[in-house]
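Student: Go ahead and model the full structure; you've got the sequences and the hints to work with.
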Amino acid sequence: MTPILQIKNITKRYGGLTAVNDVSFDVNKGEILSVIGPNGAGKSTLFKLISSFVPATSGEVLFNGTRISSLAPHKVAQMGVVRTFQETTIFRSMTVRENIIVSHHLRSKASLFGFFIGTKQAKEDEAAFAASADNIVDFLGLQAIRNELASNLPQGHLRALGMAIGLATDPKVILLDEPFAGMNHDETMKMVNLVRRLRDERGVTVLLVEHDMPAVMKISDRIVCINFGQKIAEGTPKEIRENDKVIEAYLGSEDAAIGM
Amino acid sequence: MNAKKLMGFAAFLLVVFVFVPMFISATGRWDFYYTLTSVALLSVGAAGVWLTFYIGRINIGQGAYALVGGYVSTILVTQAGVSFWLTLPLAGLFCAFISVLIGFPILRLRGVYFAMVTLVLTEVARLSALALPITNGAKGITSIPQPGELSLFGLTIIPAFGSLSNPRVGFYVMAVVLMIITYLVLWRIVNSRLGHLCRSLQQNEELSASIGVNTAYLRLLAYAISSFFGGIAGAMFASIAQSIYPSSFVVADSVNFMLYCFLGGLGYVFGPMLGTLLLYFGWDLLSIAKEYQLLIYSGVMILLMLVLPNGVLSLLDKKESRA
Ligand SMILES: Nc1ncnc2c1ncn2[C@@H]1O[C@H](COP(=O)(O)OP(=O)(O)OP(=O)(O)O)[C@@H](O)[C@H]1O
Ligand SMILES: [Mg+2]
Chain A
1 MTPILQIKNI TKRYGGLTAV NDVSFDVNKG EILSVIGPNG AGKSTLFKLI SSFVPATSGE
61 VLFNGTRISS LAPHKVAQMG VVRTFQETTI FRSMTVRENI IVSHHLRSKA SLFGFFIGTK
121 QAKEDEAAFA ASADNIVDFL GLQAIRNELA SNLPQGHLRA LGMAIGLATD PKVILLDEPF
181 AGMNHDETMK MVNLVRRLRD ERGVTVLLVE HDMPAVMKIS DRIVCINFGQ KIAEGTPKEI
241 RENDKVIEAY LGSEDAAIGM
Chain B
1001 MNAKKLMGFA AFLLVVFVFV PMFISATGRW DFYYTLTSVA LLSVGAAGVW LTFYIGRINI
1061 GQGAYALVGG YVSTILVTQA GVSFWLTLPL AGLFCAFISV LIGFPILRLR GVYFAMVTLV
1121 LTEVARLSAL ALPITNGAKG ITSIPQPGEL SLFGLTIIPA FGSLSNPRVG FYVMAVVLMI
1181 ITYLVLWRIV NSRLGHLCRS LQQNEELSAS IGVNTAYLRL LAYAISSFFG GIAGAMFASI
1241 AQSIYPSSFV VADSVNFMLY CFLGGLGYVF GPMLGTLLLY FGWDLLSIAK EYQLLIYSGV
1301 MILLMLVLPN GVLSLLDKKE SRA
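Same order as they appear, the protein sequences are chains A and B.
Using the working numbering, the first residue of the first sequence is number 1, and each one after it goes up by one.
Using the working numbering, the first residue of the second sequence is number 1001, and each one after it goes up by one.
It is worth saying that the hints were derived from the structure and are not from the lab.
Capping the alpha-carbon separation at 27 Å, the derived lysine-lysine pairs in BS3-like fashion look like this: (1) A:123 to B:1005; (2) A:8 to A:231; (3) A:123 to B:1004; (4) A:245 to A:218; (5) A:8 to A:75; (6) A:218 to A:231; (7) B:1004 to A:120; (8) B:1005 to A:120; (9) A:109 to A:123.
Restraint-style ranges between C-beta atoms, simulated for each label pair: (10) B:1282 to A:134: 41 to 51 Å; (11) B:1112 to A:148: 26 to 36 Å; (12) B:1177 to A:141: 48 to 58 Å; (13) A:148 to B:1018: 36 to 46 Å; (14) B:1097 to A:245: 57 to 67 Å; (15) A:134 to B:1151: 45 to 55 Å; (16) B:1116 to A:93: 17 to 27 Å; (17) B:1310 to A:141: 26 to 36 Å; (18) B:1181 to A:24: 49 to 59 Å.
Here a beta-carbon is modelled for each residue, glycine too, at the ideal position from N, C-alpha and C.
Tutor: In structure tokens, the structure reads:
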């Protein structure tokens, strides 16, 4: 079976700085794979490359064997590879529910003109989006804040909303950039659970970047570690924990509190 | 909720088609017809500008499309003998078409950069009208025939304007009908998925792309609709004035279109309509202040923007949340 995602020798240079340097790895279907590395290692850039938000300097990304690295970002999302953002990224002046409903765009069967004149298909679509949005609200436990304006939400809820927006697109692969950032222990454990259920119940393949090592160790099937843009290790949590290069990378950085 | 909207719509129709004519014949202020016709048509152009605001772009170039629309209609009427009623949508479509060509490169720009480029567009349109042979240069095109009869399957829908005893009323009705159609379309856009996607674009373009929205296409679409409105407004203006010159729409007009939107409120579909009415009428009424007209006008504008940064219609919101 071909891996769902293949990252092949991908490189990104910003002027003289090589943010991602010749990184290759595969992601298998139904896997939870974490990308770790010290600050500035190139993790977010790697995600931007996979979702085609920035063009690669060289190398390519294949999704189910098809090259996606030169497509427009919305095309990549259309194919089912969807990213969430490291910065909390939501539609500020919409409610939680509106945020999720609008993000169902890819599931539209009616055309924009169909929506404009209000065809039967358009009405069916809207009803389906509303139902699915409620479903996602329940899944993420956002019932109490469903009608809150997104700009009024605290950090933890914003993260969840960011994930809800990603889920609304019905992704096959979801890229979560620091989904546990700004969360306390309980919130993190809840989120870890949700990410698992995402994979188990919805069959979504999950790629995540995270600094919270206990959470990463707990949730990941495999881990890829990068440092200064280069992949330095790849393996199971146990293998990564015992990898000398990884330990060195973390001890050599400010980020020493790896908590392994 | 829907019954309430229908009532509001009926009340609006009553005002524009019954009360206003009654008021005008009672007071003998026939010039108000001309003023209100202008308001209606300017608000059609402003509706377009508002839609570009809705995707997060400051559009100070609507005058260009109004000018182009005016010339397209005029030239088709005077040189090809096409019925004005046909030239009206054609002028809109032509503007939509060139706005796609122009928008393709410039809609990538954001904030003041986009605004500055659109500001230049009006000047480019004016200079082109001066230079091109088909527009007859600075002399413009005058003595444009009034709109003829519009009939469908032998049924007269709109009589020829030349045959009307009072074409001023005819123009007023025509302009108001056009305005109503425009705002119904705009209202529908905003309340359908198209509008929801525009909002997503306004609030976060990157996120919008990440949920699979073809942001470049959507921006072009909104800008083309916007320019369509500008084009038909300009076409009807030219027809009513029976003349068009390179200076019929200048940079100041483009700026005004934008101000109408600001004043009425960027968050309200009917904001630009109200904004146009207040600003245009306000300016007219202030003519009694003679040399202080501009001073008072600007002062009031600044004050309004400070007190009501979200537009005049935000007054309604406040009342609602207090209740
Ligand atoms: N648009 C850009 N232009 C120039 N340099 C950039 C750009 N984006 C990222 N970089 C640089 O590339 C490197 C990798 O950045 P990246 O955001 O991918 O790191 P990261 O691993 O996600 O870090 P963090 O853990 O802090 O989020 C950094 O040195 C950063 O300064
Ligand atoms: Mg990052």
